[in-house]
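Asks: Residue numbers (the numbering used here), protein chains in the order written: chain A, 1 to 213; chain B, 1 to 213.
Heads up, some of the hints might be wrong.
Treat identical chains as interchangeable: a pair holds within one or across any two.
To be verified - Below, in silico cross-link-like pairs of lysine to any residue (SDA-like), each with a Cα-Cα straight-line distance of 25 Å or less:
{"no.": "1", "residue 1": "K103", "residue 2": "E64"}
{"no.": "2", "residue 1": "K101", "residue 2": "V114"}
{"no.": "3", "residue 1": "K127", "residue 2": "R140"}
{"no.": "4", "residue 1": "K104", "residue 2": "Y13"}
Bear in mind the hints are in silico, worked out from the structure with no lab data behind them. Computed from a predicted structure; not experimentally measured.
Number of protein chains: 2
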Amino acid sequence: VRIVVTAGPTREYLDDVRFLSNPSSGRMGVACAQEALHRGHHVVLVAGPLECDPPKGVRLVRVESAREMARALRREFPRADALVMTAAVSDYRPARRVRGKIKKTLRTMTLRLVRNPDIVAGLARRKGRRLIVGFAVEARALERNALEKMRRKRLDLIVANSPSSFGAHVADFVILWPDGRREVLRGAPKRRLARRLLDILEAHRAAGGRTSS
Amino acid sequence: VRIVVTAGPTREYLDDVRFLSNPSSGRMGVACAQEALHRGHHVVLVAGPLECDPPKGVRLVRVESAREMARALRREFPRADALVMTAAVSDYRPARRVRGKIKKTLRTMTLRLVRNPDIVAGLARRKGRRLIVGFAVEARALERNALEKMRRKRLDLIVANSPSSFGAHVADFVILWPDGRREVLRGAPKRRLARRLLDILEAHRAAGGRTSS
């Protein structure tokens, strides 16, 4: 099976030395890539800046911004069977990027941000029988917001977690299916969640495309 | 000699999952801390999020925002003999931090930024005979801007480099003294610059406080 895994944050530069980002470490994506490799799958890891080393054996595609990630995925996704979207893609980017370094002459500054393309929703529209696993980080109404996100974006599975899991080695996760099933992993190492996701993904393939646990 | 080294970027959060930052890896500060330890000095490492492991043997003070770094340095600097300020402190922070996660309902968003306190200038005003080494990242007019920065902030030494040295293992550096002397290190590993800075710092101490090479 050919699996594309995305990992890490994206960086949205306002000038050559300043960017908007988030505290994603890339550990979740690296855990998924490792587990998939271990099971003999072909893995493409599309990664923003990582705090940990990518596993040997993946095809690594390095990106920085959300738009670079979108471009890489438009290339990689059509050739894959599944996409595991652990990357924390910035929702917004600065409306313009200044060359060089903005001089800090002003006491206050106003930054105009524009929405980034919704990468996974764009891919899901033409996914065919490919499986897409999304992640939702929600500070409140965790499951309700995650479910809504899965349905709106037409994902096959979503993992809901809270902002505190960023960078953590162990966290609470809820796996949600479109039909309402749910599975809770409490105090789980990211490696354990990765194993569970790969189980689900392989079962889905074996069942010929319908999402089952 | 008691040396405080700062390292890494700072992160300025706009909500629980988004921040403004810069691509500093922390390698320069870690190289300085390592070299100072190696020479038998007492080292306090005040560090933002690092891409590399801090050396064993330092007293590590973890911070995230510029204001946390300022607070840590107000505590550590008075007890030290020298400060090596390699950290890339964010000049601006969001005017307010939202609790939870800003919902991405809007196509565009306006972010108001306010200037962070100038940490090193604040410390330099009451430095007495302590030595302060600054760093300047300049996209253009590198040496002129760095010299101006050193004089305005009353630093004892400044290292000028370009944005491309962020995260790099090897880079071009210019060491500048207040009296106009300069020394160029071309294609130098950060370890080499660290050794040179420690040489200068030790000579300065031996000379009783005046900055000499």
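Asks: Does each hint fit the structure? Answer for all of them.
Replies: Outcome of the hint check:
1. K103 - E64: Both. Shortest intra-copy (23 Å) and inter-copy (23 Å) distances satisfy the 25 Å Cα cut-off.
2. K101 - V114: The answer is both: 20 Å in one copy and 17 Å across copies each meet 25 Å.
3. K127 - R140: Neither, since 30 Å and 46 Å both go past 25 Å.
4. K104 - Y13: Cα proximity of K104 and Y13: in one copy and across copies (16 Å, 19 Å).
This entry does not satisfy hint 3, going by the numbered hints stated previously; all others are met.
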